[in-house]
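Chain by chain, the residues:
Number of protein chains: 4
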Amino acid sequence: MSKTFDTLVRVRYAETDKMGVVYYGNYYIYFEIGRVEYMRNLGIDYRRMEIDDDSMIVVAESKCRYRRPARYDDLLRIRTRMIEVKRRTIHFGYEILHDESGELLASGETIHVVCGSNGKPKALPEKYRTILENTVATSSST
Amino acid sequence: MSKTFDTLVRVRYAETDKMGVVYYGNYYIYFEIGRVEYMRNLGIDYRRMEIDDDSMIVVAESKCRYRRPARYDDLLRIRTRMIEVKRRTIHFGYEILHDESGELLASGETIHVVCGSNGKPKALPEKYRTILENTVATSSST
Amino acid sequence: MSKTFDTLVRVRYAETDKMGVVYYGNYYIYFEIGRVEYMRNLGIDYRRMEIDDDSMIVVAESKCRYRRPARYDDLLRIRTRMIEVKRRTIHFGYEILHDESGELLASGETIHVVCGSNGKPKALPEKYRTILENTVATSSST
Amino acid sequence: MSKTFDTLVRVRYAETDKMGVVYYGNYYIYFEIGRVEYMRNLGIDYRRMEIDDDSMIVVAESKCRYRRPARYDDLLRIRTRMIEVKRRTIHFGYEILHDESGELLASGETIHVVCGSNGKPKALPEKYRTILENTVATSSST
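Chains as they are written, first to last, in our numbering: chain A, 17 to 158; chain B, 17 to 158; chain C, 17 to 158; chain D, 17 to 158.
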């Protein structure tokens, strides 16, 4: 089973800055798209997770390393993987690739805490945890 | 009494695009800042208006005419005026000026419908209406 | 020949605001996507138009009428049409539809002036004008 | 001499998301404001640095740790410090505080590489390096 999930996005004019490249904060929007589509691909509708299970995945930490600039109209491949799932936390990893050339443009991670709409941490509902745990990327292989 | 209210904002790097100027959609963010500060100046805390009076001013129409580009780090003067207040609608006007030169960079308008958190239109609470009506800009002067 | 071109976008978390709906300024980002894809569909690569022909289509006017809110994760259909092409100006029209229900959520227009990288207006290169004129929507039909 | 510099920003409606709090990627915009104002306070006009000295400070790494949510209309205090200046790199640190309560909402860092407009790394011009080195925060005190 594939341990990563790829989504394509095209760089919007609005996402560039006067340097002619994607503004550094906008990579975090791509990461968001990556993790939502990662979950959708597993049958998890994040919108429903918020409404039906009162479970939001609140970002606790984020980081990004920028290697090469993404430019206007570039087609980007967001490659998302699950690094770790714990009772109350989810840890995603991302790579942003230039789709045509395959070059790695940026990589990053986000760590999330599961919270209810009251803002308090809670356990990730079992049904989601089971699905997500099965997809955790492992560096060891046999 | 002054019929307009001025707020200053400095153009952020994030707000520019690869043309080196403020992205056209971001002027609407400046308009938002203009109307919030216009109301704050009259003693209306929009945050409290949403919470205490269950009254949101939902945008129904917006428009902007762009005359000269705003650039990174420019200090902009957002000049806001009240065009009309009706039972359920509020109509704001804006001018974006380059603060140093005084040049007019953009002008626009927004029309808002007062809604409750259920999304249904409702009358603007009397206390706000009274305050806002007193500030409606009139073209006739004596 | 179809006089409109449709593009799909999914509403991002980043595009919503605390009212739970798409922030009003972000519809202008959807309009930008609509016109870029409209042109791409006609074989016009806007990125190349900027670089190869030193022709930027600078926004001179924009407006939007909001009918129903777009929400997080909604799949939106951006329907773009060409209203008018003149020597130096291009006028686009847009409708934002909820893809699943077909409901009209917003509609708007943008008027653009063709400029060189020096910021001065110039005539739209003939090759683009010919292509775009052929797609102007006409209200009269036979 | 103070080793940090504070700037105030008010949370805009556009910066919130449907969770009712500031979208996680937007903290990086606050960081940008922090470092620009940090430099301005030292007499460095970043706009002029790009134009006059062909020196851009391109982001190579960014990270943020989110502690408590920032909400619409909150007045935030961006506290910026210089962690390290090297020949070709600049390392900033940030804290985002709730101005009224003084609570720490988020903290983060960015590492920048000095580049020319050709995109190639270059040494930070001496005049800037001298100024910035003098402000590097030191954990040891006497």
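In short, the hints are calculated from the structure, not lab data.
There could be a bad hint or two in this list.
For identical chains, the list gives no copy identity; a pair is met inside one copy or between any two copies.
[What the hints assert, rightly or not] Here are the simulated lysine to any residue pairs, SDA-like style, with alpha carbons at most 25 Å apart:
hint, residue 1, residue 2
1, Lys102, Val27
2, Lys79, Leu120
3, Lys102, Ile127
4, Lys138, Glu116
5, Lys136, Glu66
6, Lys138, Gly59
7, Lys102, Leu24
8, Lys136, Arg63
9, Lys143, Arg93
10, Lys143, Asp89
11, Lys79, Glu111
12, Lys102, Arg87
13, Lys143, Leu24
14, Lys143, Arg64
15, Lys19, Gly132
Here is what the structure says about each hint:
Proximity of Lys102 to Val27 under the C-alpha cut-off of 25 Å is found in neither arrangement, the shortest distances being 33 Å within a copy and 28 Å between copies. Proximity of Lys79 and Leu120 under a CA criterion of 25 Å is satisfied in both settings, with 16 Å inside one chain copy and 19 Å between copies. Taking the shortest alpha-carbon separations for Lys102 and Ile127, only the intra-copy value of 11 Å comes in at or below 25 Å, while the best inter-copy value is 30 Å. For the homomeric pair Lys138 and Glu116, neither the shortest alpha-carbon distance inside one copy (41 Å) nor that between copies (29 Å) is at most 25 Å.
Taking the shortest Cα distances, Lys136 and Glu66 sit within 25 Å of each other both inside one copy (14 Å) and across copies (23 Å). Taking identical chains as interchangeable, the C-alpha atoms of Lys138 and Gly59 lie at most 25 Å apart only when both belong to the same chain, with a minimum of 21 Å there against 39 Å between chains. In this assembly of identical chains, the alpha carbons of Lys102 and Leu24 never lie at most 25 Å apart, being 28 Å within a copy and 35 Å across copies at closest. Taking identical chains as interchangeable, the C-alpha atoms of Lys136 and Arg63 lie at most 25 Å apart whether they share a chain (19 Å) or sit on different chains (23 Å).
Taking the closest pair of Cα atoms, Lys143 and Arg93 never come within 25 Å of each other, the shortest separation being 29 Å inside a single copy and 32 Å across copies. For the homomeric pair Lys143 and Asp89, the shortest alpha-carbon distance between copies (21 Å) is at most 25 Å, but the shortest distance inside one copy (38 Å) is not. For the homomeric pair Lys79 and Glu111, the shortest alpha-carbon distances inside one copy (12 Å) and between copies (15 Å) are both at most 25 Å. Taking CA atoms no more than 25 Å apart as the test, Lys102 paired with Arg87 passes in neither setting, with 36 Å inside one copy and 28 Å between copies.
Taking the shortest Cα distances, Lys143 and Leu24 never come within 25 Å of each other, neither inside one copy (28 Å) nor across copies (31 Å). For the identical chains of this complex, Lys143 and Arg64 are intra-copy neighbours only, at 13 Å inside a copy versus 39 Å across copies, given an alpha-carbon limit of 25 Å. When the C-alpha separation of Lys19 and Gly132 is checked against a cutoff of 25 Å, the pair qualifies neither within a copy, at 28 Å, nor between copies, at 39 Å.
Hint compliance for this structure: hints 1, 4, 7, 9, 12, 13, 15 are not met, and every other hint is.
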